[in-house]
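J.: Chain by chain, the residues run as shown.
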Amino acid sequence: MKNSGKISKFGKVLAMGAAMTMAGAAAQARDLTVVSFGGNFQDAQRELFFKPFAALTGKPVLDEAWEGGYGVLQAKVKAGTPNWDVVQVEAEELALGCADGIYEKLDWEKLGGQDSYIEGGATECGAGHIVWSVAIAYDGNKLTGAQPTSWADFWDVEKIPGKRALRKSAKYALEAALMADGVSGAEVYDVLATPEGVDRAFAKLDELRPNLVWWEAGAQPLSMLQTGDVVMASVYNGRITGLNRTEGTNLKLVWNQSIYAVDSWVILAGAENKDAGNDFIAFANAPENLSKLPEQIAYGLPVKAAAELIPAEYAVDLPTYPDNLAVSVNLDVDYWVDNSEELTERFNAWVAQ
Amino acid sequence: MTGSSRFRSSGFRALILIAPLLVFLGLFFVWPLITVITQAVSDPAVSRVLPQTAAAIGDWDGEGVPAPEIQAAFRADIAANTDDQAMGDVTRRLNSSKSGFRSLMGKTVSAVRENPDIDLAEVDKRWADTAFWKAIQDNASPYTDAFLLASLDMERDSAGSITSMKEGTSANFAILMRTLWTSALVTLSCLIIGLPYAMIAASVSGWKRAVLLGAVLLPLWTSLLVRTAAWMIILQDNGIINQSLMGLGVIKEPLVLIYNRFGVVLAMTHVLLPFMVLPIYSVLITVPGNLMSAAASLGAHPVRAFLRVLLPLSLRGVISGALLVFMASIGYYITPALLGGAADQMISSVIADYSIKSANWSMAAAIGLILLVLTLALYAVYNRLSRDPIQAR
Chain A
1 MKNSGKISKF GKVLAMGAAM TMAGAAAQAR DLTVVSFGGN FQDAQRELFF
51 KPFAALTGKP VLDEAWEGGY GVLQAKVKAG TPNWDVVQVE AEELALGCAD
101 GIYEKLDWEK LGGQDSYIEG GATECGAGHI VWSVAIAYDG NKLTGAQPTS
151 WADFWDVEKI PGKRALRKSA KYALEAALMA DGVSGAEVYD VLATPEGVDR
201 AFAKLDELRP NLVWWEAGAQ PLSMLQTGDV VMASVYNGRI TGLNRTEGTN
251 LKLVWNQSIY AVDSWVILAG AENKDAGNDF IAFANAPENL SKLPEQIAYG
301 LPVKAAAELI PAEYAVDLPT YPDNLAVSVN LDVDYWVDNS EELTERFNAW
351 VAQ
Chain B
354 MTGSSRFRSS GFRALILIAP LLVFLGLFFV WPLITVITQA VSDPAVSRVL
404 PQTAAAIGDW DGEGVPAPEI QAAFRADIAA NTDDQAMGDV TRRLNSSKSG
454 FRSLMGKTVS AVRENPDIDL AEVDKRWADT AFWKAIQDNA SPYTDAFLLA
504 SLDMERDSAG SITSMKEGTS ANFAILMRTL WTSALVTLSC LIIGLPYAMI
554 AASVSGWKRA VLLGAVLLPL WTSLLVRTAA WMIILQDNGI INQSLMGLGV
604 IKEPLVLIYN RFGVVLAMTH VLLPFMVLPI YSVLITVPGN LMSAAASLGA
654 HPVRAFLRVL LPLSLRGVIS GALLVFMASI GYYITPALLG GAADQMISSV
704 IADYSIKSAN WSMAAAIGLI LLVLTLALYA VYNRLSRDPI QAR
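So the protein lines, in turn, are chains A and B. If you count by the numbering used here, then the first sequence holds residues 1 to 353, one letter each, in order. If you count by the numbering used here, then the second sequence holds residues 354 to 746, one letter each, in order.
With the rest of the complex left out, here is chain A (with noise of 0.2 Å):
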């Protein structure tokens, strides 16, 4: 009996310490975390829109990282409360997640309208924040002689002899290898909703297969292209047009035959910071704010009236300049989102041989 009254009264310490613990905790409410795809692209992100919005706020901003990956923001959410609150997001991304209810609907009102977005930029769960492209980029300094102008010279290997660099996942390369087999930009997705039409792609991609070589990535083909290991890469625009900027380099994008797609903010579902979430995104992408980006960064901006107070100087480098957006292909997110595991399966295994 003595012992177990020392028992229960270690106990009830245990578990007095331990609520304390937990109070101390929830008392403890962590800061609006606001996470992006990193490198200098994010850094920009941080002057333009963390800090001032902290600053305005008086409340920190605490700014995270990631790679994308629809599975690791699906764990956040059903684990319970998610630790981040505000995700920049690719288009798949935020349709699966959408339709799954693992976003929070966000608050038109405050971020004044979807239709002062451009089409598909604004849904009930996401507010796009950039336009950004997969192009072919080479080095002007060291392809002196016959230039790519499509994908189909990024496949002739006679005209432009050499290494190329793709991105390694079934998006983008199977677009590609169809557009450098003859198919228009406008049908791409038509032809590769029919399994006659997968099997084409693949069969082009098996012909540059020696020639090939994937990176992951967004810096890596940058390194490629600067060290001469590959003559062509697919690149995301934005970084080319950096690179030229900052450290003087000559790499050529090519706009036509590129993919565009739009990347939006949201908000994680049960997010802790769910209404701070909706005034961060206001704030980031208020004209006067969002329009100071393409000068760091040159990626196109899907708020309209943000647009038009792009300088013409930066507005001819993005992938929403008319004459840029003629020539390019928009990404079909409802392709990917219905067929991507299997062709991912499908891409990796033929990778894999």
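Keep in mind the hints are simulated off the structure, nothing from the lab. Please note: incorrect hints may appear among the correct ones.
Taking lysine to aspartate or glutamate and the EDC-like style, the derived pairs with C-alpha atoms no more than 20 Å apart in a straight line are [what the hints assert, rightly or not]:
#1 B:460 with A:334
#2 B:478 with A:190
#3 A:78 with B:437
#4 A:105 with A:119
#5 B:460 with A:124
Just so we're clear, the structure is a prediction, and the values are computed from it rather than from any experiment.
Given chain A, put chain B in place with the hints provided.
T.: Then chain B, alone, in the frame of chain A:
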């Protein structure tokens, strides 16, 4: 009475003492393990969210489209569901079986919510396609072996018998075999370097032994990532090896040392070498030093003495070391990812892809389970072999 109560209370006290350990093991070992195993063989999303459909569609013969009652049950389930996240799980599951369910379910759910009696084929013509209903039927049971089969590139055909998947659709089995092969290569190269090394370390003494053991232990204190990154710098086209060889005029073009199997095996051998050297060393150090001279005094040639005396005695360490290295190898992720090419990735990267990118936890769990079973089988072998081979002789 007092005796038994005292016994009970002391047992209780002992239990309290080991309670932290038990809680730790339970929370971080047993529970996740059980979760992984259940996840690998079950996905209750469809049967939970669409209970009436799951019950009714079992009777469907798989020809044409299901009877109107089954379609009605499907609509009723959709109308009754209020949890978007749960419906998202269903959609993801179905889309894994049959591409296209993503857009189809989105469209269907909003149409049925508006009008619960709507004709599904009118909502989307894909509902007139047998394959989509077949996917629902296949996923209706909460338990399935589909994930385990898929992780070995197999599936059940329409008759229910196990067949291999169409060539080129999945590379899981090939990558699993590659993982085992790479691990075997790493184990072999660790053995070739580690056995003589351990023998030398055990035969010398004083500062020589300290230096030899220190050289093995030092890398263990460095982060795996740092060691792998160091190999990247050494092996790359304009790295130290290629530059010195080209400087000496031995080669004209740089050797391709990185982004291939060679780089992976080399770096993994370096990282895992301590796990080979240390077990062998610890066995050899207990071998009396005069055995070799005794063998020589009986007229044995040094090679013969080594083969008949020292090698058998070190065998237990060799087996421990080999299994440790092999078991650690099959789970490697970072080193193949950084030093290997597309055709050198190991099974862990596939698991990571399934969990991080496609959020297909069941596939990730199924491949994990297969790795676990492999490791356990090896452990059983190890247990048998390490039962004192000396005694067995």
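J.: Would you mind marking each hint as holding or not holding in the structure?
T.: Hint-by-hint comparison with the structure:
Proximity of residue 460 of chain B to residue 334 of chain A is assessed by CA-CA distance (about 12 Å); at most 20 Å being required, the pair is judged to hold. For the proposed pair residue 478 of chain B and residue 190 of chain A, the alpha carbon gap of about 17 Å is at most 20 Å, so the pair holds. A threshold of 20 Å between alpha carbons decides the hint, and for residue 78 of chain A with residue 437 of chain B the separation of about 12 Å falls inside it, so the pair holds. For a cut-off of 20 Å, the pair hint linking residue 105 of chain A to residue 119 of chain A stands: about 18 Å separates their Cα positions.
For the hint pairing residue 460 of chain B with residue 124 of chain A, the CA-to-CA distance comes to about 16 Å; that is within 20 Å, so the pair holds.
Comparing the model with each numbered hint stated earlier shows that all of them hold.
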